[in-house]
Amino acid sequence: METRPKVWLKDFLPEDFRRGSHRFGLWIGTTSAPVRYTAQPSSVTRLPSGPAGWPGRPWPGQQQRCAGRRASAAEFSVSAFPSQASTTSPSHRRPPARKVRVARSRLPQDPVRLPRGTEGRRIPVGPRSAKSAKQDGKLQKTSPLCPPPRFSRNSRPSALAPQLIHSPGPGRLGTSAPPSTPAPAPAPAPHTPRRTRPGSRSPSPAAKAELMALFEVFQTTFFLTLLSLRTYQSEVLAERVPLTPVSLKVSTNSARQSLHLQWTVQNLPYHQELKMVFQIQISRIETSNVIWVGNYSTTVKWNQVLHWSWESELPLECATHFVRIKSVVDDARFPEPNFWSNWSSWEEVSVQDSLGQDILFVFPKDKLVEEGANVTICYISRNIQNNVSCYWEGKQIYGEQLDPHVSVFHLSSVPFIRKTGADMYCEVSQGNVSTSIKGIVLFVSKVLEEPKDFSCETRDFKTLHCTWDPGVDTALGWSKQPSQSYTLFESFSGEKKLCTHQNWCNWQITQDSQETYNFTLIAENYLRKRSVNILFNLTHQVYPMNPFSVNFENVNATNAIMTWKVYSVKNNFTYLCQIEVYCEGKMKQQYNVSIKMNGEYFLSDLEPFTEYMARVRCAGASHFWKWSQWSGQNFTTLEAAPSEAPDVWRNVNSEPGSHIVTLFWKPLSKLHANGKILFYNVVVENLDKPSKSELHSVPAPAKSTKLTLDRHSYEIWVTANNSVGASPASIIVISADPENQEVEEERIADTEGRFSLSWKPQPGDVVGYVVDWCDHPQYTLCDLQWKNVGPNATSTVISTDAFRPGVRYNFRIYGLSTKRIACLLEKKTGYSQELAPSDNPHMLVDKLTSHSFTLSWKYYSTESQPGFIQGYHVYLKSKARQCHPRFERAVLTDGSECCKYKIDNPEEKALIVDNLKPKSVYEIFVTPFTSAGEGPNATFTKVTTPDEHSSMLIYILLPMSFCVLLIMIGCYLKSQWIKETCYPDIPDPYKSSILSLIKFKEKPHLTIMNVSDCIPDAIEVVSKPEGTKIQFRKSLTETELTKPNYLYLLPTEKNHSGPVPFICFENLTYNQATSDSGSCGHVPVPMKPPPSQLGLMISPENVKKALGKNYMNSLGEISAGGTNLNYVSQLASPMSGDKDSLPTNPVEPSNCSEYKRQMAVPLCLASPPLTENSSLSSITLLNPGEHYR
Amino acid sequence: MDSWYPRMAKPWDSWGMLACLCTVLWHLPAVPALNRTGDLGPGPSIQKTYDLTRYLEHQLRSLAGTYLNYLGPPFNEPDFNPPRLGAETLPRATVDLEVWRSLNDKLRLTQNYEAYSHLLCYLRGLNRQAATAELRRSLAHFCTSLQGLLGSIAGVMAALGYPLPQPLPGTEPTWTPGPAHSDFLQKMDDFWLLKELQTWLWRSAKDFNRLKKKMQPPAAAVTLHLGAHGF
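The listed protein sequences derive, respectively, from chains A and B. Using UniProt numbering, read the first sequence as starting at 1 and increasing by one per residue. Using UniProt numbering, read the second sequence as starting at 1 and increasing by one per residue.
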């Protein structure tokens, strides 16, 4: 309770005092305080109206009023109590000498309170202080009763309670003044007695007697003052007629838990007002248990019924209360000493009797309190035998027993739990069965907050729009309390408006003349009222309407005039307007300008051909309150000629007799283009010989053009043109001399997307340097880029997003002379990020021997790799555990082990692998490496070393082959000689001269000498082993059907398996050779006609037939089929000697001797078609052959 | 029947085919699956009412949880079982088992109808004082469903030929939170309203289930009949 806002008495109007203690007026100000209500419905102008007057049925919100009063009452009681306790008049011990036990409050921190206008005395609360009790914050046990206060005889309680307000009755209320307060003596009424004696005990009710009593009082006082005799004084006072309160009636209001007292004062002079102090005592349960004592000062009139209320923290149903009252005159007209009257008799107040027949009651009934309040609840059980258990929010609580039927529970600092209230209930149970249940719902409201950020503004000087932050909503469910209401009150006009919204309200401005407003916003709920106040000048709270009709006039390339309008709200009201000019979302310019109605501002320093957005807002100029919303519009400035020359660079390719010059330029930035570039003009002028300049116009999107120039110096001018004009020219000079390309290329380090280039400064004057490179060197259109560097710089950093890892970029650094001639200074090459090689070289294995081989990959290009090739790794796998010298052991990614050899020179593209084992398998793999790593994994190539001896074989075979070749060549060259030597031509008998002789004869067949005509000279059998005979014979029989019927006199190679008998005809022609060699085998001997043919020939008819039939036909074929010639040995003449010979047509021996020549017989002739007859005949011929053996 | 059966052995016989067709057509109305064209009586509407009752039981479970939480403890405590004080006007769902058994269908349905008429009225009163919009929505939805149940019961009663109970003039339940009625008792009334509603729905489910069984046509007998008749 101590934290509650204090109520200051000075804030009350005198009327409030006059109207009684219940009628506290509300006052409005920033001081927040609980709502003060009066109990009178007549005070509707100052208070929320209540439907029912006092006493009566409570209207909604009555309980809150109780809470409000409670706060102030508690405050009063604190200051009133001590003095009362210290001054106890002995004369007041008279009321039946009772040892009054003053009740200790059962609510230490919520003691019994005095209603306003009452000087209350709080009964000490026992061993626990209010503060400590509050700190507990829990249910409080009822404390034992306290000893009663003692009043001194001369106590003047009202003097110590200046705040007291009384409520004697409607319309007759006055401020209470302490008895000691000097007050002007009222003019004596002609018909009223002048003096009374307040202490007089005269019971006369007549007015005259009362006047007399008053007179007595004054007289006595005067007398006593003179004599200063206290003893006498006492006696005289005892004789006065006392003004005793009588007809004390006490009524109750259960809902408000209040006692209402009414009484009259006896012996009051007729038509005279008298200030009196009434002391009221309230006891609980029994008369001796005084729980509250307080004084109530008021001006009493004759025959007036006095009213006074007291609110109990304990529901009245919970206990019987007793009330008594006594009085004393406290009027300046009656000097001291005054005497207290006797106590009235105790009035008992008991509500319990009026309860129904239920066995259990819980009080109070549903209650509405503010968060943090203390609440006392009791239950009354009719039957003390019943087992009653009580629960607060579902948890059992234990109270303090007030009497056998009543238990009390103290809930302190109740929190807000829910809008539907918190439940406290008790149930009577017999065994486990609940027979009765009673409960209450305690509605706890949140504390009403003061409205925050309260402000009012106007847009049109017709309506004021007030807004505020309402804070928490204090509405409760079950219609216990609606949301707080807001009321707007304007003090100058005295008008008031109930706001329908919780956070804003509109106020119509009715009087144009009113400039100053004093608004009070009152927030109010059933329990509390809060208010905030603002005082302002209307013209200071102007929130202007948004500007409109924003336009732009006279817009050109760099400036424009902006115009706008504002609503005219009041004459001579000046606005402050703010202009902002935006370009591409960024604010470029800001201006402030004061205007009346029509705004205009000259916008300058604008960029040509640029879209701008200009916007304006306004506020009151005299007193800034709030900007209006922005109003804006877009506009575009006109074009202007480009302001800067295009950045031009060239690439020169020298060809015989000409230069191919490609000019590149960068599009002008929007800032410099000042419009849309339509085309570029390229003017070429020959510097060496005066000639007419050439103009090339290139349409705009192009960024390059190609020129073919002869070998002269040319000056080239490039300008960019838009619709307004041309830009300054960019000049470049092409020298007649070809560009010096003989500059060594230098590698630059890997710099992760940035290339730091530095170069040596060019001797002589340079106007700058140019670094050019290709963004995409791997493509034909390599996208040439360049960067201009100042003349003093010798280094620059090239960094673009176009650089990709693994691409080699070549940079050329040119120096620009004063004549604008570019001279290549340096070349740099590098990778923005080196990568591992993308492919492995194609490997060739060469010079393979049994102990070594040579690897080579000479066609591998190191230039086109995604990094600088630093060398090669050669991996060799073999079955041997040990690596070869120079190789080191390495583990491959697949986990296999091998030997590795590192070549550090990227140009060394061959390796001799030696110390190998013959006839072994080696697997070999070569991969290049860069700083980023090796090339990709690939399969190993298998190499098998040959056998050691195979080489030896080569050594032998080669010379042999060579020799054979030589022999063959020799043979070829000397073929004639060899032929002549080894196989001379056999003379053709048909070419012999004898044929010419025969031609004269009719029978050409006679030209051939018949064998039978000849007598062989000799047949010599060299050897005739037995087996051979058989074999010879046998072979003949076996082959007679399939083979030509030759008689092989010479054995073939096939059946040459040993000493074979062969037959040599003794031919004189060959006789020498045969005899020389002893064998015919080595001499190419034409096959001789077999004996069968020979046999056939033997028959003269056969020979004739054959010759006549075939020979002549075959003559022409002899030369053609020369190779098939069979030479038939022509026996010169049949020689005598053999008996078995079959001589037919014996020829002259002389004739035979003449023809010792061989005759070539065509093969076809020599081997006639085999017929059965022929074969048969041959067989038959064989038989005679046996005769040769 | 017996006349066509032997002819089935010779289906190529056209007279046999015709006889077969005729017989099938003759028996079609006897197949229960096809016999859906006629009036089925109150069976389906009882089933629907039963289903609606079960649905409302489910719906009430969540609504009661929300509303009792809104009331706060002790009303939202599961073991809170106060004696029924006040709330006398609420129709009681709990009856003695013997009494319940002795009720006939008409009485049963009448009691259900009357009870829900009263409960619906109280429920609408509950809706009026609910503070939160969400709760009001839930209550309104439930009221609509309960109105549907009431209509459904009326439909069953009409189908069975029972007259609807006419409320006596002046006895219509009204929601009057009198001044003497304390908030606690009001909360208690709400608690009992929901509780009685729950019990009523439970009881109705039982009632309609019983009625459903009673009204169900003996489908098994039909099947047996068909079996004996045809095959």
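Hints in this document: simulated from the structure, not taken from any laboratory. Glycine included, each C-beta is placed from N, C-alpha and C at the ideal position. Any given hint might turn out to be false.
[To be verified] Here are the simulated lysine-lysine pairs, DSS-like style, with alpha carbons at most 27 Å apart: (1) Lys-195/B to Lys-365/A; (2) Lys-847/A to Lys-877/A; (3) Lys-666/A to Lys-689/A; (4) Lys-909/A to Lys-919/A; (5) Lys-787/A to Lys-847/A; (6) Lys-395/A to Lys-195/B.
[To be verified] To spell it out: a stretch of chain A is covered by chain B in this simulated footprint if at least three of its residues, at any positions, have a beta carbon under 8 Å from a beta carbon of chain B; those stretches are: (7) 287-293; (8) 417-423; (9) 774-787.
So, going through the hints one by one against the coordinates:
no., hint, result
1, Lys-195/B to Lys-365/A, "holds, 25 Å"
2, Lys-847/A to Lys-877/A, "holds, 19 Å"
3, Lys-666/A to Lys-689/A, "violated, 30 Å"
4, Lys-909/A to Lys-919/A, "holds, 26 Å"
5, Lys-787/A to Lys-847/A, "violated, 53 Å"
6, Lys-395/A to Lys-195/B, "holds, 22 Å"
7, 287-293, "violated (count 0)"
8, 417-423, "holds (count 7)"
9, 774-787, "violated (count 0)"
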